[in-house]
Amino acid sequence: MALRTLVARKSLGNLGLGFRQLRGLQTYSLPDLPYDYGALEPAISGEIMQLHHQKHHQAYVTNYNKALEQLDAATAKGDSHTVAKLLSALKFNGGGHINHSIFWKNLAPVKEGGGEPPHGSLGWAIDNHFGSMEVLVQKMNTEGAALQGSGWVWLGVDKELKTLVVQTTENQDPLVSKGANLVPLLGIDVWEHAYYLQYKNVRPDYLKNIWKVINWKFAGEVYKKECP
Amino acid sequence: MSRETLEYHWGKHHRTYVENLNHQIVGTELDQMTLEDLILASYNRGNILPPFNNAAQIWNHEFFWESMKPGGGGKPSGYLLELIKRDFGNFEALVKELKSAASSQFGSGWAWLVYKANRLDVGNAVNPRLQEEDKKLVVVKSPNAVNPLVWDYSPLLTIDVWEHAYYIDFQNRRADYITIFMEKLVSWEVVSLRLELAKARASEREREEERRKREEEDGYSAGSEAVEMYLESETDESEPEAE
Numbered sequence: 001m002a003l004r005t006l007v008a009r010k011s012l013g014n015l016g017l018g019f020r021q022l023r024g025l026q027t028y029s030l031p032d033l034p035y036d037y038g039a040l041e042p043a044i045s046g047e048i049m050q051l052h053h054q055k056h057h058q059a060y061v062t063n064y065n066k067a068l069e070q071l072d073a074a075t076a077k078g079d080s081h082t083v084a085k086l087l088s089a090l091k092f093n094g095g096g097h098i099n100h101s102i103f104w105k106n107l108a109p110v111k112e113g114g115g116e117p118p119h120g121s122l123g124w125a126i127d128n129h130f131g132s133m134e135v136l137v138q139k140m141n142t143e144g145a146a147l148q149g150s151g152w153v154w155l156g157v158d159k160e161l162k163t164l165v166v167q168t169t170e171n172q173d174p175l176v177s178k179g180a181n182l183v184p185l186l187g188i189d190v191w192e193h194a195y196y197l198q199y200k201n202v203r204p205d206y207l208k209n210i211w212k213v214i215n216w217k218f219a220g221e222v223y224k225k226e227c228p
Numbered sequence: 001m002s003r004e005t006l007e008y009h010w011g012k013h014h015r016t017y018v019e020n021l022n023h024q025i026v027g028t029e030l031d032q033m034t035l036e037d038l039i040l041a042s043y044n045r046g047n048i049l050p051p052f053n054n055a056a057q058i059w060n061h062e063f064f065w066e067s068m069k070p071g072g073g074g075k076p077s078g079y080l081l082e083l084i085k086r087d088f089g090n091f092e093a094l095v096k097e098l099k100s101a102a103s104s105q106f107g108s109g110w111a112w113l114v115y116k117a118n119r120l121d122v123g124n125a126v127n128p129r130l131q132e133e134d135k136k137l138v139v140v141k142s143p144n145a146v147n148p149l150v151w152d153y154s155p156l157l158t159i160d161v162w163e164h165a166y167y168i169d170f171q172n173r174r175a176d177y178i179t180i181f182m183e184k185l186v187s188w189e190v191v192s193l194r195l196e197l198a199k200a201r202a203s204e205r206e207r208e209e210e211r212r213k214r215e216e217e218d219g220y221s222a223g224s225e226a227v228e229m230y231l232e233s234e235t236d237e238s239e240p241e242a243e
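Protein chains in written order, with the UniProt record's numbering: chain A, 1 to 228; chain B, 1 to 243.
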């Protein structure tokens with residue numbers, strides 16, 4: 001069942017996060033998906049993609065904007081108490097927006113290259129660092145399955161050391177919270193909302209199948225930029 | 001709460017925690033402990049050890065099933081309602097606070113109504129002059145598998161806000177799930193019963209504290225007599241400092 005892509009508001013500026021300025025106040029908006037909701041089936045159902053994008057990600061964007069507005073008002077008044085109270089809301093919702101914006105680009109329909117292993121420097125780096133693609137996938141699946149509660153499993157690159165890392169973060173903490181030099185190449189959402197309607201409690205099956213729609217092209221581009 | 005949800009939530013999630021914990025503890029000394037002791041031991045003051053997640057989630061889910069009943073909802077009564085009015089103002093205020101805690105628990109976790117005794121409002125301090133008003137009902141929330149046992153509270157009611165608890169029936173609409181839980185599922189009879197048990201436990205603990213204090217004092221005064229005797233002989237022989 002093909003589902004129409006969500007039409008997001010037009011965004012000025014080009015920071016990849018749908019950023020626009022309005023009366024001097026920053027607001028973010030939900031980025032478009034580069035494919036239809038149903039385009040990733042059978043790996044991820046259209047129902048999940050639609051809820052995930054239109055409800056969950058949208059909520060992070062809405063609440064992020066709200067928190068930023070409140071932050072603006074509080075800093076203008078010198079109200080440090082309120083600023084401190086807002087920090088967790090900013091982390092949750094800002095992190096949620098950042099992480100999901102990357103996630104949509106980490107996925108691609110099969111006919112647009114989803115699942116095709118990386119060529120070029122990233123492919124070579126993976127073989128060099130992990131031994132093989134299979135080992136990397138195994139490692140990420142193991143860590144993703146073992147994560148208690150909600151979070152993400154990441155393939156990242158340390159832009160200083162030029163090495164690849166596999167890391168997990170809890171809740172909506174972005175990868176950079178595990179190391180200031182870490183740049184995300186590929187993140188897999190293991191919050192239950194990312195897979196429950198289709199895979200129920202069997203998170204390992206979700207992890208096994210998502211590799212069929214992983215967009216290695218995007219990961220490769222990010223890697224080339226950090227490790228030219 | 002649909003049959004399908006319960007089949008997965010109880011039949012898969014809860015069951016898996018039980019199976020996994022059994023694998024972890026079989027043949028070890030942990031196998032001899034009660035579930036609650038195991039939870040406290042593996043919480044390890046926050047430095048969580050592997051069996052904690054399974055053990056605590058087993059306890060949490062059992063507590064959750066028993067917090068509900070078919071045709072639940074309505075209002076509490078009796079002593080429970082009295083304390084609710086005393087500590088929250090009225091029943092509606094309690095419901096509001098529970099809903100707020102459940103909605104604002106970010107990520108996976110639980111919201112709780114607990115009976116709190118023997119504690120100040122700070123971390124792990126102990127209240128040396130416990131009054132009746134210090135024993136009170138409080139709403140708290142906890143992440144992932146953590147539950148109020150580790151804070152030495154007595155849980156009375158819980159609502160599971162891991163996404164698996166509501167996703168089949170409500171998808172992302174956690175607020176609707178919480179509302180239905182309060183209106184149609186919660187068993188106030190069980191909550192009242194738990195409150196009675198919690199009060200009894202708190203009184204028993206107080207009595208034991210007093211017993212122990214009395215024993216210490218008795219032991220101390222016997223020791224101080226010996227010191228006095230020693231001093232008397234000392235002063236007989238000691239000479240005053242000349243310079």
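Because the hints were derived from the structure by calculation, they are not lab data. Be careful, since some hints might not be right.
As the list claims (entries may be wrong) - Derived list of chain B stretches under chain A, where covered just means 3 residues or more per stretch with a C-beta under 8 Å from a C-beta of chain A:
| id | segment |
| --- | --- |
| 1 | 11-25 |
| 2 | 143-149 |
| 3 | 167-177 |
| 4 | 209-218 |
Nothing here was measured: the structure is a model prediction, and the numbers come from that model. Beta carbons: idealized from backbone N, C-alpha and C, even for Gly.
Hint check results:
1. 11-25: Holds: 3 residues of the segment 11-25 of chain B have a Cβ under 8 Å from chain A.
2. 143-149: holds (count 3)
3. 167-177: As far as the segment 167-177 of chain B goes, the hint holds, because 4 residues have Cβ atoms under 8 Å from chain A.
4. 209-218: As far as the segment 209-218 of chain B goes, the hint is violated, because 0 residues have Cβ atoms under 8 Å from chain A.
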